[in-house]
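Participant: As they're listed, the protein sequences go chains A and B. Numbering of the first sequence is given in this note's numbering, commencing with residue 1 and proceeding in unit increments. Numbering of the second sequence is given in this note's numbering, commencing with residue 290 and proceeding in unit increments.
Just so you know, these hints were derived from the structure itself, not from any lab. Heads up, some of the hints might be wrong.
Output of the computed footprint for chain B on chain A, the stretches with three or more beta carbons under 8 Å from beta carbons of chain B [unchecked claim]:
id, region
1, 20-31
2, 35-45
3, 81-91
4, 111-123
5, 206-216
6, 230-236
All values derive from a computational prediction rather than experimental measurement. Where is the CB? At the ideal position from N, CA and C, for every residue including glycine.
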Amino acid sequence: MNPISESPELMLATVISAGETAAFWVLGSIAVLAALGVVLLRKAVHSAIMLALVMTILAVFYGIHQAPFLMVVQIVVYTGAVLMLFLFVLMLVGVSSADSLTETIRGQRVLSAVVAACFLGALAIGLTRVRLGAPQGLDAGTAEAGGNVPWVALEVFHRYVIAFEATGALLIVAVLGALILAHQERRRRNSQRDQSRARIRGDHPTPLPGPGTYARHNAIDAPALLPDGSVAKLSINPILAAREEQPPEAPEVTGGSDEAHDALDQQPGQHTGEQDTDQRNTGTERGED
Amino acid sequence: MDPMNYILLAAVLFTIGAVGVLVRRNAIIVFMCVELMLNACNLAFVSFARMHGTIEGQIVAFFVMVVAAAEVVVGLAIIMQIFRTRRSASIDDASLLKH
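Could you put together the complete structure from these sequences and hints?
Facilitator: Structure representation (structure tokens):
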């Protein structure tokens with residue numbers, strides 16, 4: 001039936017071979033290290049890559065466990081779809097957003113480590129006392145059903161058909177929920193007529209004063225001077241004015257720092273440049289009208 | 290090799306994922322750790338299926354994957370929405386209900 005399920009490498013004997021033991025220790029230790037990397041690495045993208053490694057190793061284990069269907073599903077659905085979705089959202093949220101690793105709750109890490117050690121110890125004590133002997137293996141059932149995939153299909157579409165239908169409903173609901181949550185009302189683009197109407201009805205129908213008029217220099221951040229020598233605040237970009245009044249603060253060291261602000265702080269020149277061109281464009285529009 | 294080693298590996302991965310959920314504060318990384326815990330459970334299910342010679346473990350693992358996919362879709366959409374309104378993906382910042 002399925003070429004994967006019939007390949008001799010995956011149809012292992014019920015007794016665990018030496019090769020499988022070696023594969024378990026090598027791949028298992030890599031998986032544990034990668035899982036630690038997911039938790040410990042600072043950048044979310046690195047965590048995602050480590051998680052991909054863990055999932056791929058688990059897919060290999062599924063292959064060893066005579067589950068070729070789940071092996072393919074693991075790679076296609078998890079490593080392919082779910083992790084790509086993670087990376088996609090990371091790109092939208094900001095790749096450079098490194099998590100600040102400072103503790104906000106005192107003693108949280110120590111307590112977490114203690115709880116985790118207790119949990120793992122309890123599990124290990126319980127699990128090591130169980131002796132199941134050699135695994136029975138799935139060869140008999142697989143041969144009877146004509147392959148792993150037909151066997152899984154038989155069970156899913158007969159005994160678990162209600163649960164299968166329910167997962168279909170769940171997926172539909174999830175898709176609709178994601179659509180509603182991720183949907184954004186598209187703002188109507190202002191036409192030239194709208195803009196001119198708003199300008200006439202607003203406070204300043206005339207063009208705004210350009211920066212640097214009558215001032216010492218005509219830089220973009222030098223406000224124009226009115227005839228009486230006072231500063232025309234409207235002549236410069238409000239963002240630039242705010243920056244002049246408040247020098248940029250040092251990035252927050254404490255926890256809960258705003259990652260968007262961090263990203264802004266890392267590239268100040270680029271962002272102000274964009275703002276400047278924006279403002280200049282609107283300024284020229286106003287001047288021409 | 291004792292086949293219970295696979296279950297122990299699953300327990301270790303599950304614990305690491307749980308520690309990540311407790312310690313990390315980036316919502317996306319917390320989500321990744323939840324996925325790690327789900328994957329560890331799947332490994333245990335598939336291992337038990339082979340040990341007992343039945344297919345049920347694989348079926349349950351399959352359903353876990355489906356539910357995890359649905360959960361990721363909705364969860365990431367919620368994270369995106371929070372990021373849009375609060376400009377932050379940190380779970381410490383989403384504390385409006387506390388005040």
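Participant: Which of the numbered hints are not met once you compare them with the structure shown?
Facilitator: 5 and 6
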